[in-house]
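The task is simple: from the sequences and hints, build the whole structure.
Protein chains in written order, with our numbering: chain A, 1 to 102; chain L, 1001 to 1801.
These aren't lab readings, by the way, just hints derived from the structure by calculation. Quick caveat, the model's predicted, so the values are computed rather than measured. Watch out, some of these pointers could steer you wrong.
The calculated label-pair distances, taken between Cβ atoms and stated as ranges, are [stated by the list, open to error]:
id, chain 1, residue 1, chain 2, residue 2, range
1, A, Leu65, L, Gly1753, 44 to 50 Å
2, A, Glu9, L, Thr1711, 54 to 60 Å
3, A, Asp68, L, Val1638, 31 to 37 Å
4, L, Thr1769, A, Asp42, 37 to 43 Å
Simulated pairs of lysine-lysine, BS3-like, Cα-Cα distance not exceeding 27 Å [unchecked claim]:
id, chain 1, residue 1, chain 2, residue 2
5, A, Lys90, L, Lys1647
6, A, Lys10, A, Lys69
7, A, Lys94, L, Lys1788
8, L, Lys1647, A, Lys94
9, A, Lys90, L, Lys1788
10, L, Lys1551, L, Lys1463
11, L, Lys1551, L, Lys1293
12, L, Lys1024, L, Lys1156
13, L, Lys1373, L, Lys1156
14, L, Lys1156, L, Lys1551
15, L, Lys1023, L, Lys1156
16, L, Lys1105, L, Lys1024
To list a few chain A residues with every Cβ distance to chain L over 12 Å, as calculated [claimed, not checked]:
id, residue
17, Asp3
18, Leu5
19, Val6
20, Thr8
21, Glu9
22, Leu12
23, Ser62
24, Lys69
25, Leu86
Glycine included, every Cβ here is placed at the ideal spot set by N, Cα and C.
Take a look at the letters that make up each chain.
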Amino acid sequence: MTDFLVLTEKILEITVLICLAGISIALILLLYRIIAGPTQADRAIALDAMGIDLMGIAGLMSILLITDKLNDVVLLIGILAFLGTLAIAKYLEKGVIIDRDN
Amino acid sequence: MLSVNLVIIIPFLIAIIIPFINKKLTRVHIGWIVLLVPAGLFIALASYIPSIASGQTFAHTIQWIPTFGVNFTTYLDGLSLIFGLLITGVGALVVHYSIYYLSSKESLNNFYIYLLLFMGAMLGVIFSDNIMVLYVFWELTSISSFLLIAFWYHRKRSREGAQKSLLITVTGGFAMLISFIMLYVITGTLSVREIIGVIPDHTDHVLFIPAMLLLLLAAFTKSAQFPFHIWLPDAMEAPTPVSAYLHSATMVKAGIYLVARFTPVFGGDAIWFWLVTGVGILTMFWGAFNAVKQMDLKALLAYSTISQLGMIMSMFGMGSAALHNGYSTDSVIYTQATFAALFHLVNHSTFKGALFMVVGIVDHEVGTRDIRKLGGLVTLMPATFTMAAIGSFSMAGIPPFNGFLSKEMFFTVALNIMELNIFNLETWGSLIPILGWVASVLTFVYCLIIVFKTFLGPYQEEKLERPAHEAPVGMLTGPGVLSLFVVGIFFFPNILGDYLLRPAMNGIFPEFVEGLGVEIHAWHGFELELFMTIAIVVLGTLLFVTLRYWKGIYNLFPETWTFNTLYNFALHQLEEKSYPVTRFYMTGFLHDYLVYIYLFFVVVIGGTLSYTGAFSFDISDNVPISRYEWIIVMVMMVAAVSILFAKSRLTAIILNGVLGYSIAVLFVLFRAPDLALTQLVIETVTTVLFLVCYYFLPEWKKEDAPRRSKTSNAIISIGVGTVFTTVALAVQNGKLFETISGYFENAYELAGGENIVNAILGDFRAFDTMLEVVVLVIAGIGVYTLIKLKPGKEDKNVEDQ
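So, in structure tokens, the structure goes:
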């Protein structure tokens, strides 16, 4: 029984590490896109995707560190990445972020 | 008896109430009220004469700052009594004279307030025993004389003269302050008497000579000695009563008082002897030489004052030689010089005060002081002429006036000093009587100029502003009384000598028990001194008669080669040169200031750390760096470097966002969820705000700074980064004691919170949190006001401030 538990723990840890490695590669590629990206929209989308990746990292870290304290972080990144992308999108579209009341 | 402290304070008190009295008593000239002050003080001080003459001294202390030893201590001995009587006596005569001299249209309030301030300050200088208090009063004399010189402040030359005198005398004042501090360091006391008592043990102290030199600088600037004499002729822009009072009898003698008072401290030293004597004799010659060429009577008197002050100074210098070997019957003879100096000091105050007042009368009655326009006033102003003649001939050193006595004594001591075999006197000593004699000849010439060019010769009414007539009696009283003294001292010099000068000698030579002072004789046989005087008269008359033939030698000196030119040049250059220096580093560009700040950081912090050897790294204790941390740090480094090369604003903003989010991930990795949350929110808000701002900014342009500036920027930024990193690493290494974080682990028991971070923020250290909230509130209000409040049209330049 304990052997099984140890094995699953090992599998889980290896999985998490593989996931983290994958996300890290994704982060670096996204960073390349942000720097190279021919248009600003490319960069904005890359940043958005980066936010999702960070959510993943935070989630995986909470598994790795065996804590539930990072769940808030995951949710917050979700909201903020959305808001940030929205702001950049509006900036690219209209040039302003907060419209004046007419 | 009246306490001496009170004598000092009374003029200040009266100065305060002068405007109120003036308002109430509109019909009485305010000068009459003021006159009571010096007259009363003179009587009060004169009542001390018998006890001083019998060898008593009076000290009285009022505590001021006792913890620092600064107390308002007055000390009345023979020396200060002489000065006190001069200040109050001449002061009373000057005030009386000014009542007639100044019309009631002038701002009399100001005049008498300044004059009383000056009088009180001057009394403070001479009676103070505490050197710090002495310094306070010393600066007060500088300031009040500045105010008096610029009394007619609408005239440009008055303002210039006042500025010049203030700059020079205050420079000396600061030197004096430093010297006093040094004296305190040497002796550990602030009292002059105590310093005199302990100074023999400290003469080899390293600060002894610097203190002496700085003290002499103060004395020379105040007493208009060569080459600091240049302020005195320019101070003649003051009203004549001021010139008579400050620039003949009192303020210019403050330096002399200082030398006399500190002779027991520094006297006996070769440097002191040669500086005081040498500068004095040089000043005597230079003043007399320049006085002859002056066309303005007051300027002539100013230079003659310089010359006479030099003579007094040199005699004090010669007298100090007596202290060299301590008390012995041989050295007593040199104390004669000091006695002669004190005697001439009194004499000079009498005749120079009278002469200034006479010149003032002439100016007042005919409207000019130019000797080329004056002449033939003898029959029109007989009384004025008499006083001018008495004053001038006394100054020239002719019997039966007191100047004769002091000049004879001067020659005696100057001849005596040559026989002294110390201080290299055998080689240079003969210069003293020679220079003194030449100066005396020139003195005789300019004294003849005063009398003959002003009062004799043709009367040129067409050149005068007003036809000449005799002055009112009130104006003649002041010079009249002084002239009486001039003659009186000649006939009864020993009254003055016994009652005032001898006690004063005791103060200057405390170790000398007897034999101080001499009997003053008008006639002492056919000595060399007498022949010198006869030669002066003969040669002086000859020179005066042939004045127009040899006056050309003054043109031999280039007009621009004067100390005035040097002073103006220095002042001008100081302004001229300091402007480019300031402009050189105060460029007005933020970039440059940042460079200074960062360079300072690199040089000072980095330099200190490497100098003290604080860079010692030991990373063996550190937790190993995990792979995730490496990856995040790599991402951050790439993003951070890329910002520098970003082509557009949005790229820079997005890269900045990457940085911020990566930091949040680092917080996650380091198990700080609260920080990660906050960091994420703040980063997002910042990014949005950047976007808001950038909408209003012009297109992102590539910086076209020169390559050199770019390179230096790069070097500086790398330097700052390196220093900062090394500091952080070094700090990490220098853990001296345990952290206190263990305490906060009891957060649940102590504060009832499981979240330690929040317990710290809201409970353990809530004070910080409160103030940070205040910071946010202030920032919010600031942003709101910046956006909402627009400057109105009339205050358009608000932003330029």
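Going down the list of hints, with the structure as the test:
no. : hint                                 : result
1   : Leu65(A) with Gly1753(L): 44 to 50 Å : 21 Å, violated
2   : Glu9(A) with Thr1711(L): 54 to 60 Å  : 55 Å, holds
3   : Asp68(A) with Val1638(L): 31 to 37 Å : 32 Å, holds
4   : Thr1769(L) with Asp42(A): 37 to 43 Å : 42 Å, holds
5   : Lys90(A) with Lys1647(L)             : 21 Å, holds
6   : Lys10(A) with Lys69(A)               : 23 Å, holds
7   : Lys94(A) with Lys1788(L)             : 24 Å, holds
8   : Lys1647(L) with Lys94(A)             : 21 Å, holds
9   : Lys90(A) with Lys1788(L)             : 25 Å, holds
10  : Lys1551(L) with Lys1463(L)           : 24 Å, holds
11  : Lys1551(L) with Lys1293(L)           : 8 Å, holds
12  : Lys1024(L) with Lys1156(L)           : 34 Å, violated
13  : Lys1373(L) with Lys1156(L)           : 24 Å, holds
14  : Lys1156(L) with Lys1551(L)           : 30 Å, violated
15  : Lys1023(L) with Lys1156(L)           : 30 Å, violated
16  : Lys1105(L) with Lys1024(L)           : 17 Å, holds
17  : Asp3                                 : 28 Å, holds
18  : Leu5                                 : 25 Å, holds
19  : Val6                                 : 22 Å, holds
20  : Thr8                                 : 22 Å, holds
21  : Glu9                                 : 19 Å, holds
22  : Leu12                                : 16 Å, holds
23  : Ser62                                : 8 Å, violated
24  : Lys69                                : 5 Å, violated
25  : Leu86                                : 10 Å, violated
When each numbered hint is compared with the structure, violations occur for hints 1, 12, 14, 15, 23, 24 and 25.
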